[in-house]
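Enquirer: Its first residue numbered -19, the sequence shown is counted upward by one per residue in my numbering.
Quick caveat, the hints were computed from the structure, so don't treat them as lab data. Virtual Cβ for every residue (Gly too), placed ideally from N, Cα, C. Treat the hints with care, as some may be off.
Here are the simulated DSS-like pairs of lysine-lysine, each with C-alpha atoms no more than 27 Å apart in a straight line [as the list claims (entries may be wrong)]:
#1 K138 <-> K102
#2 K76 <-> K111
#3 K138 <-> K72
#4 K7 <-> K138
#5 K3 <-> K81
#6 K81 <-> K138
#7 K72 <-> K(-14)
#8 K111 <-> K(-14)
#9 K102 <-> K72
#10 K10 <-> K23
#11 K3 <-> K138
#12 K3 <-> K76
#13 K111 <-> K72
#14 K10 <-> K111
#15 K7 <-> K23
#16 K80 <-> K138
#17 K3 <-> K72
#18 K80 <-> K3
#19 K81 <-> K7
#20 K7 <-> K(-14)
#21 K76 <-> K23
#22 K7 <-> K26
#23 K102 <-> K(-14)
#24 K3 <-> K(-14)
The following label-pair restraints were derived from C-beta to C-beta distances [said to hold, decoys possible]:
#25 I4 <-> Y33: 50 to 56 Å
#26 F30 <-> K111: 47 to 53 Å
#27 D85 <-> K10: 19 to 25 Å
#28 G87 <-> F53: 20 to 26 Å
#29 R117 <-> S55: 21 to 27 Å
#30 K102 <-> R82: 20 to 26 Å
#31 S55 <-> N32: 42 to 48 Å
#32 P35 <-> K80: 44 to 50 Å
#33 I4 <-> S34: 29 to 35 Å
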Amino acid sequence: MPRVYKTVRIAYETKKWLNDIIKIYEKQLKSEREMLIIKYEDKLRKLPEFTNYSPTISISVSSGSIVEAAYYFCSNLNLSRTDWAEISEQAKSEAKSEAKKRQLDVGSITPRLFIDSEVLEKLENMQWELKPDTMQRNLQLNYILKLVIFKYYSHVIKGI
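Could you put the whole structure together from the sequences, leaning on the hints where they help?
Expert: Here it is in structure tokens:
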């Protein structure tokens, strides 16, 4: 599937949860990263296209990859609208708790996501699917991201 860039302003708590998940996966990747970089840079150097310069590869965990993982995790759970409402309440509670502890110093809250276009489309569809009947307009994408990331955060960090 083609990947696209999408910039979305998200809440401070959402960015904190995203950063916490990235830290976990970066620790896991750390042991393999150097070996992978050396292996693939060496392969590229052997190609004729790279005879005049040396390619440099960077391997890291991105916000977009975490959003994709969060979406796939949630889609496999087959959550109902009621489940999503409960997740929303849990996310609000967690956000208030973290705000009281002043744990929301997260840097930029506008990540540039490099994300699979199909996943982005499905997240955008959730804006309509989770919209309460009493609302006239669809939900904001940043709210959908907050719910999906929080559910994945609960799974990865808290084991729920």
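Enquirer: Would the pair K72 and K(-14) pass a check requiring their Cα atoms to be no farther apart than 27 Å?
Expert: holds, 25 Å
Enquirer: Between the beta carbons of D85 and K10, is the distance compatible with 19 to 25 Å?
Expert: holds, 24 Å
Enquirer: Regarding the pair K10 and K23, is the alpha-carbon distance no greater than 27 Å?
Expert: Given pair K10, K23 holds - Cα atoms ~21 Å apart, limit 27 Å.
Enquirer: Within 27 Å, alpha carbon to alpha carbon, are K76 and K23?
Expert: Distance of about 49 Å is beyond 27 Å: violated.
Enquirer: 21 to 27 Å was suggested as the range; check whether the CB atoms of R117 and S55 agree with it.
Expert: Given range 21 to 27 Å: holds, Cβ gap about 24 Å.
Enquirer: K111 and K72 were given as a pair; does the straight-line alpha-carbon distance stay at or below 27 Å?
Expert: holds, 17 Å
Enquirer: Quickly compare the C-alpha distance for K7 and K138 to 27 Å and report which way the hint goes.
Expert: Judged against 27 Å, a Cα distance of about 17 Å means the pair holds.
Enquirer: Hint check: K80 vs K3, CA-CA at most 27 Å. Holds or violated?
Expert: holds, 22 Å
Enquirer: Between K138 and K72, does the CA-CA distance stay at or below 27 Å?
Expert: At roughly 16 Å apart (the allowed maximum being 27 Å), K72 and K138 satisfy the hint.
Enquirer: Has the given pair, K138 with K102, been kept, meaning a C-alpha gap of at most 27 Å?
Expert: holds, 26 Å
Enquirer: Does the Cβ pair K102, R82 satisfy 20 to 26 Å?
Expert: violated, 35 Å
Enquirer: Can the restraint linking K76 and K111 be considered satisfied, given a maximum Cα separation of 27 Å?
Expert: holds, 23 Å
Hints 14, 21, 22, 25, 30 from the earlier list are contradicted by this structure; the remaining hints agree with it.
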